[in-house]
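Participant: Spelled out, the chains give:
Protein chains: 2
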Amino acid sequence: MGGRVDDLLIRLDGVGPIQQQVYEGIYSALTDGRLEAGQRLPASRTWAIQLGVSRNTIREATAALIAEGWLEARVGSGLYVRKSPQQSSFPAITSGSRLRLAEWSERLPVKTFVLQEKDVDVDFRPGKVSEEAEQVFRRRRLGRWPSDMEPGRLSEYGPPEGDARLRERIAAYLRQSRSVRCTGADIVITTGTHQSLDLLSRLLLGPGTTFGVEDPGFPVVAEIVRLSGCEPFPLQVDEQGVKVEEIPEGIVGLYCTPNHQFPLGVTLTPARRKALLARAAKDDFVILEDDYDCEFYHGKMPSPCLQSADREQRVIYLGSLSKILAPAYRLGFIVAPPWLLDGLRKAKWIVDRQTSMLVQNSLLQFMISGDFSVHLAGMRVEYKRRRALLLEAIQSRLSTWLTPLDSTCGLHISARVNAGYDIDSLCRVADEEGVGIYRGDAFSSAGRASNMLVFGFGGTPVQEINKGVSLLAVGWQSQNCSLGLRS
Amino acid sequence: MGGRVDDLLIRLDGVGPIQQQVYEGIYSALTDGRLEAGQRLPASRTWAIQLGVSRNTIREATAALIAEGWLEARVGSGLYVRKSPQQSSFPAITSGSRLRLAEWSERLPVKTFVLQEKDVDVDFRPGKVSEEAEQVFRRRRLGRWPSDMEPGRLSEYGPPEGDARLRERIAAYLRQSRSVRCTGADIVITTGTHQSLDLLSRLLLGPGTTFGVEDPGFPVVAEIVRLSGCEPFPLQVDEQGVKVEEIPEGIVGLYCTPNHQFPLGVTLTPARRKALLARAAKDDFVILEDDYDCEFYHGKMPSPCLQSADREQRVIYLGSLSKILAPAYRLGFIVAPPWLLDGLRKAKWIVDRQTSMLVQNSLLQFMISGDFSVHLAGMRVEYKRRRALLLEAIQSRLSTWLTPLDSTCGLHISARVNAGYDIDSLCRVADEEGVGIYRGDAFSSAGRASNMLVFGFGGTPVQEINKGVSLLAVGWQSQNCSLGLRS
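So the protein lines, in turn, are chains S and G. The numbering of the first sequence is UniProt numbering, which starts it at 1 and goes up by one. The numbering of the second sequence is UniProt numbering, which starts it at 1 and goes up by one.
Mixed in with the good hints there might be a few duds.
A pair counts as met if it fits within one copy or between any two copies, since identical chains are not told apart.
Claimed, not checked - When the alpha-carbon atoms are kept at most 27 Å apart in a straight line, the in silico BS3-like pairs for lysine-lysine are as follows: (1) Lys83 to Lys274; (2) Lys118 to Lys282; (3) Lys118 to Lys346; (4) Lys467 to Lys118; (5) Lys282 to Lys243; (6) Lys384 to Lys118.
Note that these hints are calculated values from the structure, not bench results. In this text, all values refer to a predicted model and were calculated from it rather than measured experimentally.
Input sequences plus hints: build the corresponding full structure.
Facilitator: If you want it as structure tokens, here you go:
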């Protein structure tokens with residue numbers, strides 16, 4: 001470190017007063033590591049000429065940086081870098097501050113759940129969607145928007161529940177595609193299922209209550225529930241879906257994925273559906289139905305949603321565009337029964353006023369233009385092809401080790417490790433072969449589904465599916481994975 | 001009502017199985033009022049031919065609608081509409097359900113605050129922005145995006161705190177334009193100030209605490225604070241900004257707008273700034289600084305933000321793009337001190353995973369391309385023109401009734417009603433003249449600022465400003481508003 005900086009080129013962007021620009025330029029040099037502690041700045045006379053500014057300008061700019069503690073003036077020797085704001089620009093707390101987070105924060109998860117991205121050649125990570133979806137969406141939307149868009153207003157706030165035309169479109173789509181009983185008036189548009197669940201947790205749960213969550217299931221649901229002071233209860237799931245007979249007494253509600261259980265992929269049987277609704281009526285609880293990926297069915301249409309069979313306003317239906325379009329698009333919705341609607345609208349208003357009209361507008365235009373239907377149909381064909389290939393490949397090439405579970409829709413397949421085989425060995429070899437496969441118990445707080453593997457194909461094109469299964473077959477065979485007994 | 005429907009054209013969209021399409025078509029007819037209770041449907045034989053579908057298809061579709069209670073079959077007489085799902089498609093709750101909202105919901109406001117939109121010719125409603133901003137933004141962004149965008153991914157989740165490149169850009173802007181001490185690493189991108197405040201309330205406040213809010217001020221702040229079980233305390237404001245000496249003991253924090261108080265428009269004086277930071281250190285509380293509209297200054301640059309003078313990590317800086325771009329764009333940010341950052345990132349992850357990449361991408365591209373600076377400079381000129389005109393017009397034509405308050409930036413001007421004049425009369429005449437002006441006490445829970453008027457000019461073009469002030473001058477003069485004494 002140390003030493004004299006002879007000339008320091010700083011970019012003067014031409015916006016704002018000139019001394020502010022100089023200040024910014026020096027600050028940037030500190031931030032991005034071009035200036036380090038101990039270094040001496042150029043002499044102001046020369047530097048002023050280099051930069052084409054007055055010495056006074058430099059003096060004003062550096063005075064501010066001295067005051068902020070980044071530079072120091074040494075008498076007779078010029079200006080030196082005292083420290084650099086590289087990591088964080090905040091001063092250390094010197095006094096006896098007791099600043100701290102409130103009790104609520106203690107309920108935040110220690111580590112937010114994210115499936116670790118594996119450095120692999122072929123990745124079967126669930127939760128991803130085809131990149132084609134993104135490309136198609138961008139191309140179409142951007143080609144059309146300027147010409148025939150009738151956009152909602154950006155320059156004024158709109159209704160918290162979302163644009164009325166968009167809600168009508170979504171309702172029509174849900175009625176047609178998923179048999180949801182709704183009109184646009186029943187819908188509240190959110191920024192996705194995280195927000196939908198957070199809003200509903202705050203509205204419906206509270207300290208001292210218990211709420212059922214599928215386990216294995218989406219880990220974030222239990223985390224969100226916990227933030228309201230409510231205790232999540234892990235509900236068991238088998239090949240018929242959530243085990244209704246195991247639901248404990250006294251819950252205020254439960255979360256389920258009846259149409260394509262995550263991660264097992266199974267469908268809640270008709271008998272269980274009936275039993276679940278009966279049980280909800282008896283114990284007077286609500287059901288949050290998350291219908292996250294049933295747009296993509298692979299044979300006949302999937303079973304109508306649970307909400308369509310509800311006669312008591314107990315089922316609250318959740319959906320999102322994360323699978324149809326893209327996860328980072330962030331648009332979801334809640335079909336709310338009348339008793340919930342007013343509170344839900346208010347809560348949405350409070351927490352973020354409304355979902356961005358940029359996002360709402362783009363979806364509305366996508367639907368009005370007919371591109372939504374075209375896109376959905378195209379993605380159905382693509383995902384159907386991927387799923388058929390993956391299923392066939394597992395059945396024909398991996399049947400020694402795995403037995404896939406039945407599922408009718410969605411973007412992943414689950415498979416049970418056959419008796420006598422060790423999932424740890426299978427996963428270790430997969431890692432060595434450069435194939436990302438995911439364990440079912442990653443989605444369980446109770447260590448359940450420990451003999452299950454989850455294969456997502458939303459982000460895995462056809463040629464990669466073939467390659468991945470081949471690598472697994474060869475690797476498992478050659479490394480004698482048949483010898484490892486299940487622990 | 002009643003009667004036979006001879007032919008009912010239903011739209012078959014060509015998506016999904018044909019009986020589903022017929023179901024959907026009939027359902028839509030019920031929803032939009034084309035079919036009403038008591039009406040008889042066309043005979044299935046004829047109707048099938050009309051629609052070009054089989055009778056069996058119609059039978060399956062109508063069977064579902066009968067099962068759901070919308071249609072009924074009368075023996076020997078055909079199908080009738082039993083009821084229509086026009087208002088809501090949810091069945092009434094018949095059993096003794098105890099479904100209800102949790103205690104949290106009781107803290108939701110009875111009525112969410114929205115300034116009533118007035119049916120006027122000229123509207124000085126604060127909170128609006130120029131429509132030009134929207135047009136410019138759309139045109140530029142859309143023209144450029146397909147060609148030279150380096151977008152973040154839509155098809156995968158990104159970091160909860162937001163895109164790293166965008167955070168760097170925002171940090172550079174804030175350092176330069178507002179003297180905020182920050183780097184991109186200190187920033188968490190939110191969906192706007194509502195969400196920023198909700199996140200911070202949950203993280204910092206809790207039952208049994210007290211939090212100061214400016215009064216008059218943004219009403220939603222107290223509403224959000226209340227949701228955490230915390231009691232908002234209305235802090236007094238005068239022409240020097242928030243009255244530091246009146247801050248009660250024992251608060252955990254306060255919210256303020258030191259650079260352009262909303263709605264008074266005044267700037268917190270240097271002496272008060274110093275006193276506020278000293279008081280915060282003494283009582284160990286946090287300060288949420290909302291710097292909502294200081295990008296638009298009208299003379300010299302406005303005072304640097306309070307955060308820049310903080311030496312104890314007590315000031316949490318909030319900003320948004322609502323004024324620079326558009327309110328319904330929904331992008332805001334928090335500059336978080338180190339002790340807060342980890343909790344804030346987790347909380348953001350939980351409540352909505354991340355802000356839409358569609359929104360983040362568009363802003364990033366807007367900034368990378370340089371259009372952001374051009375847009376900002378252009379809007380500065382436009383708003384400066386509007387403000388100068390409005391101020392001059394108030395001073396020259398309305399000085400009998402009003403005295404405008406000093407302000408250096410932002411998109412509104414406040415004015416005090418001169419002693420001896422009655423604000424109720426002034427507002428009544430303004431209504432009659434078709435001019436929307438807004439009372440200061442609309443922004444107070446304590447009935448304060450009852451002799452103040454707020455003139456927003458963000459959504460009021462130059463010619464409307466002239467017209468509005470003329471109408472007020474003529475109306476107030478002719479209706480002898482000088483006669484009404486202040487109540």
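Participant: All hints, please: hold or fail.
Facilitator: Evaluation of the provided hints:
1. For the identical chains of this complex, Lys83 and Lys274 are inter-copy neighbours only, at 25 Å across copies versus 68 Å inside a copy, given an alpha-carbon limit of 27 Å.
2. For a Cα distance limit of 27 Å, the shortest separation of Lys118 from Lys282 qualifies neither inside one copy, at 46 Å, nor across copies, at 49 Å.
3. For the homomeric pair Lys118 and Lys346, the shortest alpha-carbon distance between copies (22 Å) is at most 27 Å, but the shortest distance inside one copy (41 Å) is not.
4. Taking the shortest alpha-carbon separations for Lys467 and Lys118, only the intra-copy value of 16 Å comes in at or below 27 Å, while the best inter-copy value is 64 Å.
5. In this homomeric assembly, Lys282 and Lys243 come within 27 Å of each other (Cα to Cα) only inside a single copy, at 16 Å, whereas the closest approach across copies is 57 Å.
6. For the homomeric pair Lys384 and Lys118, the shortest alpha-carbon distance inside one copy (25 Å) is at most 27 Å, but the shortest distance between copies (53 Å) is not.
Of the numbered hints given earlier, the model fails hint 2 alone.
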